[in-house]
Amino acid sequence: MTTETPSEALLQVRDLTVTFATPRGPLDAVRSLDLDLEPGGALGIVGESGSGKSMTSLAIMGLQPRAARRTGSVRLRGQELVGMSEAELRRVRGDRVAMVFQDPLSSLNPYYTVGLQIEEAYRAHRPGVTRREAHKVAIAALERVHIRDAAVRVNHYPHQFSGGMRQRVMIAMALSTEPELLIADEPTTALDVTVQAQILDLLQEIRHETGTGLVLITHDLAVVSEITDHIVVMKDGVCVERGAVEQIFTSPQHPYTQALLDAVPRIDDEIGELRAVAPSATPTNGGPA
Amino acid sequence: MMPSQTDLTAARTTGSAVESGTGDTAEAPAADQAAGALRAGAGGTWQALRHDVGAMLGLGYIVLVTLVAIFAPVLTSISGWTPYEFDQTAIDPNLGGMPIGPWGGMGAEHWLGVEPGSGRDIFARIVYGARVSMSIALSATALTTVLGVSLGLVAGYFGGRVDLVISRIMDFLMAFPALIFMIAVLSALPASNRSGLLVVVISVFGWPYLARIVRGQTMSLAQREFVEAARAAGASGTRIVFREILPNLRSTIIVMSTLAVPGYIGTEAGLSFLGVGVVPPAPSWGQMIAASVKWYAVDPAYFVVPGVCLFLLVLSFTVLGDRLRAVVDAQEGR
Amino acid sequence: MPRFLLTRISSGLVVLLLVCLFTYLVFFALSPDPAVQICGKNCTPELIDQIRANLGLDQPFWTQFFLFVVGIFAGRTYGDGASTVDCAAPCLGYSFQSSQAVWDMIVQRLPVSATVAVGAAVLWLLAGLVGGLLSAVKEGTFLDRFTTGLTLTSMSIPNYVLALVLQYVLVVQLQWLPFPQAVAFADDPVQWFLNFVMPWIVLAVGYAAAYTRLTRANVLDVLRENYVRTAYAKGLPQSLIWRRHALRPALTPVVTIFGMDFAGLLGGALITETVFGINGVGKMAADSIARNDQPVIMGVTLLAGFLVVVGNIVVDVVYTAIDPRVRVNA
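Taken in order, these protein sequences are the chains called A, B and C. Residues in the first sequence are numbered from 1295 upward in steps of one, following our numbering. Residues in the second sequence are numbered from 14 upward in steps of one, following our numbering. Residues in the third sequence are numbered from 476 upward in steps of one, following our numbering.
Derived from the structure by calculation, the hints contain no laboratory data. Treat the hints with care, as some may be off.
As the list claims (entries may be wrong) - List time: in silico DMTMM-like cross-link candidates among lysine to aspartate or glutamate, alpha-carbon distance up to 20 Å:
no., chain 1, residue 1, chain 2, residue 2
1, C, Lys613, A, Glu1380
2, B, Lys307, B, Asp105
3, A, Lys1430, A, Glu1380
4, A, Lys1529, A, Glu1342
5, B, Lys307, C, Glu521
6, A, Lys1529, A, Glu1374
To be verified - To be clear about the criterion: a stretch of chain A counts as covered by chain C if any three or more of its residues have a C-beta under 8 Å from a C-beta of chain C, and this derived list gives those stretches:
no., region
7, 1384-1395
8, 1415-1424
Built from N, CA and C at the ideal position, the CB exists for glycine as well.
Isolated chain A, as found in the complex (with noise of 0.2 Å):
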């Protein structure tokens, strides 16, 4: 299961790199990153913060910062993303590729029911939709996220939800639009541990019945551990280390993948149920490692 053939790939990520113009001369938050992600695949992008990974889901959107300047190659079934006008580039966000964000009180507007909010999102894409059939979708889309109540709780505003349940009207939201890939930042990490759980049971769930793809983004290898099958592993911006999830777990090359695997609490019985998992025949990436 190569990429050599660009329209089977969903998300085809090549030679990525985001650079800012600094006052001491240009500085690469993403370098030559590449990345392949399979229709209805998972993939696990997993460093520090700083180590460029959330700069690197803004840079496929295209909503890298002003200040910095992104060159390479980032193909949506096969369709350039790298180059694409304003307008064509926004007609991809919320519809194609959806995102979830970290902090899910900061990333909902408070001034706006959440119902309002899921409307806006999917309405940007429909048009000609009416706001009581987006109503209504905003409502399915709660409930799809397993919030009680949905028909009640879509007037409600986000200070008014508990902070898993906002994480998932952030889901819901991405998902009214049925998107190919959805881009998970940090999803849980504002989140509760039991909470945390809830969530990634969520996506996992969500992935297996839609079908979207997932790019997850985290800095705790456990939590892509549950749901990817493969992993990038990034610090300073490069890529120091790519492979299918049992094969990071096992054998981890890179040293700095070994100190990030010793910052997981949960380690061994991981790699027990990793080691279950293991004969199955799941593939290595095929890019350059």
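Dock chains B and C against chain A, hints included.
For chains B and C alone, coordinates are given in the frame of chain A:
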């Protein structure tokens, strides 16, 4: 009043103090490191300001006015006229006391012209007026800073009932129609020591704006590691407040105080303009402008000279404070 | 909601009562005997005593203060026996100078001050919001730096200096505006309008500068918010992001400050009204100060306090309508 509002909203951004060295290092050295970083920050502030044309021009004018105020007697002895001398030869009684000569009688004899009607030397009055403006504004700033910082520190650090009482007083004072009340008080009080009264009255209504910010920052600093370390080491509350917390508030206090000065200069001039400030014949810029209202159409130089002096002084402090805040904010990573 | 209003109103009343007390205290303790002042030239000790008795000045402080406060709500009667004066409900006493009821004097002049305040407010809101938005959109450009410089300059001009400059330039030199003349709106609407142009500008300049800075800072803050990033990630049109996700949060704090500033101005712009000879509450206050007419000064102080307190409450109510977080927590 008005500038203070914007200043306050903007001052909201003067949030966290210097963060360095509090992570995994031992707690006691962390406090030293934070203090060290601050000292380095002060040098950096000056370096950054030195290259700012606006800030330097403002500072230059402030220094000039200060020197003029200090050496007022020397300057008037050189120019040859005291602020109280009437020069009947400089005005034309047939024209209702208009100064003789163009530009309000400016020339070699009277450098900045004379007052219409009385013939008093405007240069001398400006020079002595600078004394009034600067001394009142700076004293009011000093008193406000002392009040605002100490009450803000106490409220923020000790909390509880003390905080409740101080906060209530601040709310009350900020909801008070300050300007009109100041006028009422000053008009009712005997005219003996107006300068001192002005300082007190301005400060009484001015301190809550600084105290509110100091209080907020103290509350967050009190939770920090180096303060807890000091507490664990058995330092007393007073010692923690003055030795650990106060040094970290230095940049905030400097910025807020600098930004308060132009407001106080304006308030003093405004109150003198309305006739409840400095008592004549003592010269004050605001009072000179008030006197020029009757003459503005025929002798514009009479209001232009004190008007420009006053405007430039307020502008200088405003620009300096604004740049200072920008530099401090940038240093603190905002 | 009603409960929240009730607490706000009661705390507002406490503030007002304290304003009242402080002002009264200042006049009671510090000022020269008003009876002597009223009595004038042909005065006898008996006459002074009679005036004192009539005004209640022979009473102890707390009694006087109590009578004054009661008078505001219920009216009061001065003097006794044959020569009594009834002062109707919002009774703030009588001017020592003109013997007019202070309340009537205020009511008479309030529309003028309101005209000054409304016109200035329209100007400064327009200039401040447009300037702030432009400055924020064009952050870092020449326009932005120019606006910043202009705001600092505008904030630094004392309004009486600006008033004199404008009068000299626009009226004396360029003659674009006529000399102010006292006219009624019905007689000469053009002259009436032109009379207010300079006061509006003079008052608006400082506020406009402050609002420009505030708006700019708020918009830039909001544009850095995560929810704006979310809006971009959702693929919303730029115009909708600005209108819905940036402007409303950015302008909400402006509403708060506007309410306070406007309320403050309604109580009279002392300096501006004095310089331009506009017969509003502010000029009345300045005149009374010059003549030491205490009941009028007290009346205006109380009015200003009242307006600030009411402004506070109105702002809080408006805030609950525009910020859902406050709405539910209240």
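The hints, checked one at a time:
{"no.": "1", "hint": "C/Lys613 - A/Glu1380", "result": "holds, 19 Å"}
{"no.": "2", "hint": "B/Lys307 - B/Asp105", "result": "holds, 17 Å"}
{"no.": "3", "hint": "A/Lys1430 - A/Glu1380", "result": "violated, 30 Å"}
{"no.": "4", "hint": "A/Lys1529 - A/Glu1342", "result": "holds, 7 Å"}
{"no.": "5", "hint": "B/Lys307 - C/Glu521", "result": "violated, 42 Å"}
{"no.": "6", "hint": "A/Lys1529 - A/Glu1374", "result": "violated, 26 Å"}
{"no.": "7", "hint": "1384-1395", "result": "holds (count 9)"}
{"no.": "8", "hint": "1415-1424", "result": "holds (count 3)"}
When held up to the earlier numbered hints, the structure conflicts with 3, 5, 6 and fits the remainder.
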